[in-house]
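Counting with the working numbering, you get residues 529 to 791 for the letters of the sequence shown.
Just so you know, these hints were derived from the structure itself, not from any lab.
Errors might be hidden in some of the hints.
Stated by the list, open to error - Label-pair distances were calculated between CB atoms; the ranges are:
id	residue 1	residue 2	range
1	Trp786	Glu668	46 to 56 Å
2	Ser556	Glu611	26 to 36 Å
3	Gly615	Pro750	49 to 59 Å
4	Leu761	Gly615	47 to 57 Å
5	Gly577	Trp708	32 to 42 Å
6	Pro681	Phe648	16 to 26 Å
7	Asp632	Thr711	43 to 53 Å
8	Gly775	Gly577	13 to 23 Å
9	Pro681	Phe537	24 to 34 Å
10	Gly615	Leu672	42 to 52 Å
11	Trp786	Leu672	40 to 50 Å
For every residue, glycine included, the Cβ atom is placed at its ideal position computed from N, Cα and C.
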Amino acid sequence: MLKSQRINFGALCILGVMFLILVSGLRSNALTADEPAHITMGYLFLARGQAALWVPPEYRTQLFANALSALPLYLSQPHISVEALPGWDSNFPQLFHAFVVESDFSMGQLQVLARIPTVFLTLVGGAVTFRWARELFGQEAGLLSLIFWAFEPNLLAHGRLATTDISITVLGILALYCVWRWTQAPSVWLALVSALSLGGVLLSKPSGIIWGGFIALVIFNPLRLYRRRQVNLRGIFSGAGILFGSGLLLWAAYGFTWGRIST
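Please build the complete structure, drawing on both the sequences and the hints.
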């Protein structure tokens, strides 16, 4: 077996071990304090769209991460009448308590379905980390980076929870990786994936703007855009398109509305 094949097989084995560790606690670990609210908000947004944005700001600014967690629940039971639950349109803590306790989902079903997207997103983060490190420093470095990722205590702890932390982390890494690849060999495909990833970051948590700032620094790095006394206008406009596309995705999630959301 060639060296690269052994490295790739080893990476798959490490990701497999991480997957087994993560899924082992999907049902045995009780819901954390934040998960019911995130799951409920995600389901409300998938089911009612803009009508669900009356909830507190800390939940309506995390639409992608919340919707991702709630997607398996929504696909399995899309017809729950959320308007009939106590607290609809007035009392969010009462509403998410009613959704968790009084909906058609058993507690075990709710925990597994809502947490599975985070598990797979964590594995995606490991795969991106492996590939990026391999491209920068070689195959052994890629495998070592994956080992650090797969057995990092914080990632193992949060990698099976229906919260926003893994979403912003993995999508941020993916966006940075795609932008880095785009700076090496610009293409429409890489620009599109970069914009979508950064848009997901911005929709996962308000602190995603920090990732946006780092990515903007990479895109508009003067050392890359100004060479031999010539300005790379194509790179500037293409990079601006990435940032504009991510902002457009953020705006689209709120129905292209403008102004303060009423509470």
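Hints and how they fare:
Trp786 and Glu668 have their C-beta atoms about 51 Å apart, which keeps the hinted 46 to 56 Å range intact. Under the hint 26 to 36 Å, the C-beta atoms of Ser556 and Glu611, about 34 Å apart, fit the expected range. Against the hinted window of 49 to 59 Å, the Cβ-Cβ separation of Gly615 and Pro750 comes to about 52 Å, which satisfies the hint. Taking the beta carbon of each, Leu761 and Gly615 are about 54 Å apart, inside 47 to 57 Å as hinted.
For the pair Gly577 and Trp708, the beta carbons lie near 35 Å from each other, so the given range of 32 to 42 Å is met. In this structure, Pro681 and Phe648 meet the distance hint of 16 to 26 Å, their C-beta atoms being roughly 20 Å apart. The hinted range of 43 to 53 Å is satisfied by Asp632 and Thr711, whose Cβ atoms lie roughly 49 Å apart. One distance hint, 13 to 23 Å for the beta-carbon pair Gly775 and Gly577, holds here, with the actual separation near 20 Å.
Hint check: Pro681 to Phe537, Cβ distance near 26 Å, so the stated range 24 to 34 Å holds. Look at Gly615 against Leu672: about 49 Å separates their beta carbons, and that is inside 42 to 52 Å. Restraint check, Trp786 to Leu672: a C-beta distance of roughly 47 Å satisfies the suggested window 40 to 50 Å.
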